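Trainee: Residues per chain are reported as follows:
There are 6 protein chains.
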Amino acid sequence: MTPSPLPTVMIEPLVRMALLEDLGRAGDLTTDAIVPAAHRATTVLVARQPGVVAGLDLARLAFQLIDPAIEMRVERGDGAALAPGDVIATISGPARGILTAERVALNLLCRLSGIATATASVVAAVRDTRTDIVCTRKTTPGLRAIEKYAVRVGGGSNHRFGLDDAVLIKDNHVAIAGSVTEALKRAKSGVGHLVKIELEVDTLVLLDNMNPETLTKAVAMVAGRAVTEASGRITPATAPSIAATGVDLISIGWLTHSVSVLDIGLDFKN
Amino acid sequence: MTPSPLPTVMIEPLVRMALLEDLGRAGDLTTDAIVPAAHRATTVLVARQPGVVAGLDLARLAFQLIDPAIEMRVERGDGAALAPGDVIATISGPARGILTAERVALNLLCRLSGIATATASVVAAVRDTRTDIVCTRKTTPGLRAIEKYAVRVGGGSNHRFGLDDAVLIKDNHVAIAGSVTEALKRAKSGVGHLVKIELEVDTLVLLDNMNPETLTKAVAMVAGRAVTEASGRITPATAPSIAATGVDLISIGWLTHSVSVLDIGLDFKN
Amino acid sequence: MTPSPLPTVMIEPLVRMALLEDLGRAGDLTTDAIVPAAHRATTVLVARQPGVVAGLDLARLAFQLIDPAIEMRVERGDGAALAPGDVIATISGPARGILTAERVALNLLCRLSGIATATASVVAAVRDTRTDIVCTRKTTPGLRAIEKYAVRVGGGSNHRFGLDDAVLIKDNHVAIAGSVTEALKRAKSGVGHLVKIELEVDTLVLLDNMNPETLTKAVAMVAGRAVTEASGRITPATAPSIAATGVDLISIGWLTHSVSVLDIGLDFKN
Amino acid sequence: MTPSPLPTVMIEPLVRMALLEDLGRAGDLTTDAIVPAAHRATTVLVARQPGVVAGLDLARLAFQLIDPAIEMRVERGDGAALAPGDVIATISGPARGILTAERVALNLLCRLSGIATATASVVAAVRDTRTDIVCTRKTTPGLRAIEKYAVRVGGGSNHRFGLDDAVLIKDNHVAIAGSVTEALKRAKSGVGHLVKIELEVDTLVLLDNMNPETLTKAVAMVAGRAVTEASGRITPATAPSIAATGVDLISIGWLTHSVSVLDIGLDFKN
Amino acid sequence: MTPSPLPTVMIEPLVRMALLEDLGRAGDLTTDAIVPAAHRATTVLVARQPGVVAGLDLARLAFQLIDPAIEMRVERGDGAALAPGDVIATISGPARGILTAERVALNLLCRLSGIATATASVVAAVRDTRTDIVCTRKTTPGLRAIEKYAVRVGGGSNHRFGLDDAVLIKDNHVAIAGSVTEALKRAKSGVGHLVKIELEVDTLVLLDNMNPETLTKAVAMVAGRAVTEASGRITPATAPSIAATGVDLISIGWLTHSVSVLDIGLDFKN
Amino acid sequence: MTPSPLPTVMIEPLVRMALLEDLGRAGDLTTDAIVPAAHRATTVLVARQPGVVAGLDLARLAFQLIDPAIEMRVERGDGAALAPGDVIATISGPARGILTAERVALNLLCRLSGIATATASVVAAVRDTRTDIVCTRKTTPGLRAIEKYAVRVGGGSNHRFGLDDAVLIKDNHVAIAGSVTEALKRAKSGVGHLVKIELEVDTLVLLDNMNPETLTKAVAMVAGRAVTEASGRITPATAPSIAATGVDLISIGWLTHSVSVLDIGLDFKN
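Residue numbers (my numbering), protein chains in the order written: chain A, 1 to 270; chain B, 271 to 540; chain C, 541 to 810; chain D, 811 to 1080; chain E, 1081 to 1350; chain F, 1351 to 1620.
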C-alpha cells in the first residue's frame, strides 16, 4: 500500500530553502540570458534505471514555486515500479521556470527514489518471511521526514523518528546505569507507561552484528515475549538468512545514509 | 592544503535545525530517564574504516549547542587520513549531553567524511595528471555549502555553487536558442563580461559520457583555447584513463549525491 | 462594532507553526491509515457553551493550509453571540484534511473565543458606565496580536502592545528615579512629546488593588486631568462597583493569561 | 521525580520570539528613559500563591538574552512546592535588563507554574490509586513542548505529542471506516507494528464522559487486556471517584487549555 | 542625550542575515586563501568625513559573530561628533575574521552614521526653536528599528513605528470617509481613547508642502489645540524658516530613504 | 535589454518581512477604523520625477500579500523611462488593502527605481565608450539581490555578489601576504583555477582614486592583459573622462549605498 503523501505544509519549507540555495543572489543567469520569457516547453521525467519512484510532490512543488504556470501530470506515482525509459511525469509550461527548477526537483526526486528503490530491494528479499524492514535515525540532517517517507514508499517501516518518541536503551545507557535491570527500572519510572521502551542488546544476546546461527538462538530465547530486531550492515543479499532466523525487524541505516540516487532525467520533447 | 573552516555563523543554523529535528517535542527520553545529570564521561570519536575526516566543526557545535560544558579536543583535524582505530577527537563532559547530541554529530561527521574520502580517492587516482576533480550542483538540499566544503577537504574543487555564479549553457539552452553560436551570443549580451560562461558540449564534441579516445580528440581540438571538462559516472577506476586524455576537469556528481558515509563511532572510555 | 480582521500575512506564520508542531515528522498517522483519500465530509463547528466567537480566520487558514480544497462557510462570524448548539460554520471537503487540521483549528478558535467571551462578560457588566475594559501585556508568548484581537472582538480595548508603544512608569521605575517627579522628568526628556506617558500609581493614590471607596476618592482627586485606570483581579462580579467610581479604564490581565477556552466542537454531518 | 530540563536549543527560539514580540521596534521606552545604564538591582521571584513552580530555565533565558550580565540563583527549582511568600530565585544585575525582561519571564514562568500546580492538584487527588494523570493535544499553539514539560513537572504524564507519534482512533475515524474492526485493521496494516494504536471508545463502552458506575463496568470488561483511559472535564474533586474505577489513565485537556497562571511576582530588594 | 542602545536580541537576527548574505555558500575566498589563520591584526575605524557616529553595536556584533576572539574598544561612541581622521574604535584579533566581517560592519555603520549625521544637521539648524525633527515610515525594509534608532542618535524623534501605533488620517482616508469630521468620528469609535489620533491636513490647512507664510497662519489657527507638523522635502537650509513658523514638528522622509552614508574606513595598523 | 525578473520565491520573504515590520501587532489602525471593508478603489502609481522604474514585482507582491483580490496592471514595466506624471501601473481592488500595503510597496519601488535611475544616468554618460558601469558589495543589508537587480535594470552590471563568488585581492591582503606576487600565488593555489581572481591595485598602478592621466597610463600598461576597473566616487559628471581612459569597468558604490529614492506616488482615481 502506498503511504499517504505528506501535507504540503510539511514539505514546502524544505523545497523553498532548496530553491533559494540554488538561486543564490541573482537567480538562473544562464536561462534568463538565453531562453525567451514566452518560450514554452513540454518535458518528461524519465527513468534511466529500474527502481521505485518517490518524491513527486516535492518535485511538483519545486516547479510550481518557481512558476505557478508550470503543470505536472503524473504517469507513475510514488511507489510505482520503473523500468528504464518509463515516463514518470509530463511537465509543461514556461521553459524558463522548468529549466530553473530542474536541478532542485531532480535532486529531491532522485534521492527519495533511490531510498525507495533500495528499501524495496531489501523488502523483496524478505518477502516470504514475517520480518519487517525498518530504517534508523541515521538520516540526512533536515530531511528526516521525507527520507522516512521514502522508506515507507519502498515498503519499509519507520523506527524512531527522533529522540522523543520512544525509549531506546543502548549499551552506553546500560553501562552508566550499571545493569540492564537498573536501566529498565529507571526508564519505566522516568517516562510512565505510555512510552514504548526498547532495549538494544549487544552483549549477552547480541542481535547487533550477530551471525544467523546466534541470532536464531537469540530469537528462540526471546520466544515472542518481545519484538526482536537485527541490525548491522544488512544488504539484500544477506537479508534473507537474517530474516529466516525469525527476527521481527531488520533495521538498516544505509537506506538513508549511504544510498545511491535513482537516475531520473528530464527530457525536453519540444 | 586543508581549506579554511566555514565560519560558525554559516553552519550554526543547520546544526540547530538538525538537533531540533532529532529532539522533537520532548527531548532525549532515554538519556534523561537513565543517566544522572551529574554523570560525566570521556568519549572518543574513532574511525572504523580508512578514510579522510571532514566536519569536525559541525560535530563540535552539535555537542556544544546541547551543553556548552562539553569539550572536544581534536587529534586528527579535517583533512587528516584515518586508519581504522584512529582516534579523531576526545569529547568529554556531562554524559547526558554527549549521548543526546551523538547521533546528530555523527550524522554530519560521517556524511562529510564520506564525501571527503570519496573525493580523495579520485584525486589520488589522477595525482600524476594535471586534471582537477570537481563536484556539481547535485548536492543534498540544504547541505550544499558543507558538502562542497567536504569536497575541498578531500582535495577536490568546487564547480558552480548555484545557478547564479556562472553561465553554464547546456543542451536544452542550445536547443532553445537554435544554435551554440546564438546561445553564446545571448549569454554574452545578457550577463556582461564579468560572469564566466561555460558550454556543456554533448553533441558534436561529446565530452559528456565520451570514451577516452573520443575525449582525447576533443581535447586536442580545443587546444587550450578553453577549459575542458569531462563528466559521466567517472570512478577512481576509470578516472586515470580519462585524465590521461588531458582534460582539465573531471566533474563527478556522485561525490555528493550517492556517496557512502565514513563509519566513525563514538566510544565511551569511562 | 466588530474589529477588522488581521491580514492573513500576520496570522499565517503562527498557523503554519501550529500545524507543523502537531504534524511532527510523519503527519497524521491515524487519518492517513484509516480514511481513504477520496472520502469527502461535511462538518459543522458547533458551540457547546454560550459565548462569543473569535478566530474564524485562523481556523479557516488551518484547514486550507492542510488542503486548499477545504471550504468553510461562516454562519456566525467573529463577534457573534453563541448559544449552545449554534452552528458557527460549515466546513466541507476531503475528510482527511478536515480531520488532520481539526485540533489546531479548534485550539486556536476555542482559545480566542474564550478570550472574547470573557471580555464580553466584563464589558456587559459595565455597560451602563463610561468605563472601558482593557487587556494587558500578560499574554501568551507568541499570541499577543491574536489575543489582543480577541479582546477587541469581545468589546474590550487594548492597552500597550509592547514595551515600545508607550511609556508606562511603574513603582520600580519611580523607586529607581527617586521620585515620581524625577521619573516623569526623565521620561519626558527621554522620549520626546510624541510618546504617550502613563504612570502606574500604587503608593499614595493606590489605583492598583484599591477598594471602591478609595478609588472614588482617587478619581475625584484626578478630576479629569488624566486618564484613570484600575487594575487588580477584577471580575464581572466586581467590575460594576469599580466602574461606578468613575474610573476611565479597568485593566484585566486574566482575560489573556487565565481564561478558559470556549467549548466548540466539530461535528461530522455525513 | 523532577523531569529533566529541556535543552536550551529547544527553548531558546521561543524565548527570543517572546522578547521580540514585547520589544517591538523600539525596545523598552520607559526603562531606557528612566533607569541609568549603570544602575544595578537585586530582585527576587516570590510566590504570591501556593503552587508548584515550573519554567525557571525559560525565565533565566529571558533575562540573559536581554543582558548576559544578569545572574539568577535558584532557591526552589522546578517541581518545588511553594507557599505564599516563598522566594523562588534571586535575580541580580543591571536593573535595565531585569526590568525589560521581567514581563516575558513572568509570562512564561507563571503560565508553566500554573500548569504544574493544576496537574499536581489532580495527581494528589488520585495519589492512592494506580491511575496516571495525562494531558492532551489541547495545548497552546507554539508552546506544546513546554506545556507538556510543565505537566511532567506537576507529576503528570504526557499523552501523544502530535499526530505522528501514535495512532489514536476516534469516533469519526470509526464512522468513516464503517466499524471498529475495520478501522483497527486499516490502522494495523497502515502503520506496521511499531506504532502504538489506541482506540477512543465512546459509543458502546463509553469511557468518554461516562459516570463512575458505567466506567467501573467498562474497566472490568477490558480486564487488563488494554490500557483504559477516562476523559471529560475531570477535576481534582471528581478525579478520586473516577480513579477508583480502576481506570489506568485520566486524560485532562484543561490542564493546558484553561488553566490559571500561578501568581509569581518580581520584587526589588534594593 | 544619547538614546539607549537596542538590546542585542533585537539586532542579532539582522546582523546574522547580513553576514550570511555576504558569505554566500563558500565564505570569504580571498581571505581564506591569502591570510594565515594565526595572523593577528590591530585595526581602527576612522572617520573620513565629519559627522555623527551611530551603529557601533551592530559593527561589533558583525565582527564577533564571525570570530568571538575579535575585540572592539570604542573611542567615540554612538552620538559622538566626528572630525575627519578621528578614530572611532580599535578592532583587534584574528586578521581573517576582521577582513571577513569588514564590509558588513561598514555597511551597517556607515548607513546608520549617515542617518545620524543628516539628522544632526537638521536638528542643529532648528536648535533655537521649539521644533522637533521627526522621521517617517519611509525606511528601508527590514531596517526600521535601527534606522529610527539612528535618527534618535542624531537628536531627532521618531514618529509612528508602524501602521499599528497611532491613527494617522491622510487625505485618502478623508476622501473615503467623506469628510474630516466623519473620518475622525470613525477613528475615535474604532480604536477607543487609548490610541493617539493624528490628522494629516493638506487641503484647507495645508501643512504638507506649504510655504512658511501659509504655515504660520495655519499654526496660528491651531493655536496650541493640537500638535502641528510640517513635512515636504525640508532640508537643513529650509528648516529654520519652517521652524520659525512655530510648528511643533518637522517630519523628514529623506533622513531614512535618501541619505548618503557617512564615509568611515577600516585601517590596518599592523 | 531589461534583465529577467527575480523569481517570486526570491523576493517573497523580503516583502513579507517588510509588511510585518509595518503592520506590527495590530495592523493598520487608521484604515481599519475609517475605510469600510466593501469599499473598492482604483489607484495609479505615478512618477513625480523623471527616472527609470524598477521593482514592480515587489510592489505587486506587497499589495497581493495583503489582499489577493488586488490587481495591478503595469503600464510601464521595469526599465521604462519615466517622465513626471507618467502612469506606471493601475492598482485596483479593495481600498483597505491598497492603503495598508501602500507604504511598503512604495518604499521598495521608490528605492529600486532610485537605484535604476542613478545607474542609468551614469551608463548614459559613458554610452559612447566601451566602459561598463558596475556596482559593489556596498549594498543595504538584506537587499543585495534586489539592489543588484535594480542596477541591472538601469543598464549596469554586477560585480561580486558576495565574498564567495570571486577572489578580490585588496591592499590589506597584499600587505599580509608580503607582496602582490605572494598574494596571487596563495590565491591561485587556494581556490583552484575555476574561481576568477581579481587584484585591487592602489599602490603602484593606482586605479583606485587615480586621476584620468595616471589612469590612462595604467590602462596602457595593462594593455588588455587584464580587465581594468576604476573606482572612487565617480559621478555622471566625472564618468566620461574616466571612461575615456579606456578602462573596462567603472565601479560605483554610491549607486546602492547613497542613492536618493525616485519619487513615485499612489493617486486615488475614485
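Hints listed in this document are in silico derivations from the structure and should not be mistaken for laboratory results.
Just so it is clear, the structure is predicted and the values come from calculations on it, not from any experiment.
Even for Gly, the Cβ is constructed at its ideal location relative to N, Cα and C.
There could be a bad hint or two in this list.
[Stated by the list, open to error] Quick list of the computed label-pair ranges, beta carbon to beta carbon: (1) A:T42 x F:A1576: 14 to 24 Å; (2) B:P354 x E:R1128: 31 to 41 Å; (3) A:P50 x B:E483: 24 to 34 Å; (4) A:R40 x B:K455: 36 to 46 Å; (5) F:R1477 x A:A38: 26 to 36 Å.
Trainee: Can the suggested window of 14 to 24 Å be confirmed for the beta-carbon pair A:T42 and F:A1576?
Mentor: 45 Å Cβ-Cβ, so the 14 to 24 Å window is violated.
Trainee: Kindly confirm whether 24 to 34 Å is satisfied by the beta carbon distance between A:P50 and B:E483.
Mentor: holds (30 Å)
Trainee: Kindly confirm whether 31 to 41 Å is satisfied by the beta carbon distance between B:P354 and E:R1128.
Mentor: violated (59 Å)
Trainee: In this structure, is the beta-carbon distance linking A:R40 and B:K455 contained in 36 to 46 Å?
Mentor: violated (22 Å)
Trainee: Please check whether F:R1477 and A:A38 have a Cβ separation lying inside 26 to 36 Å.
Mentor: Check passed, 29 Å falls within 26 to 36 Å.
Checked against the numbered hints above, the structure breaks hints 1, 2, 4 and satisfies the rest.
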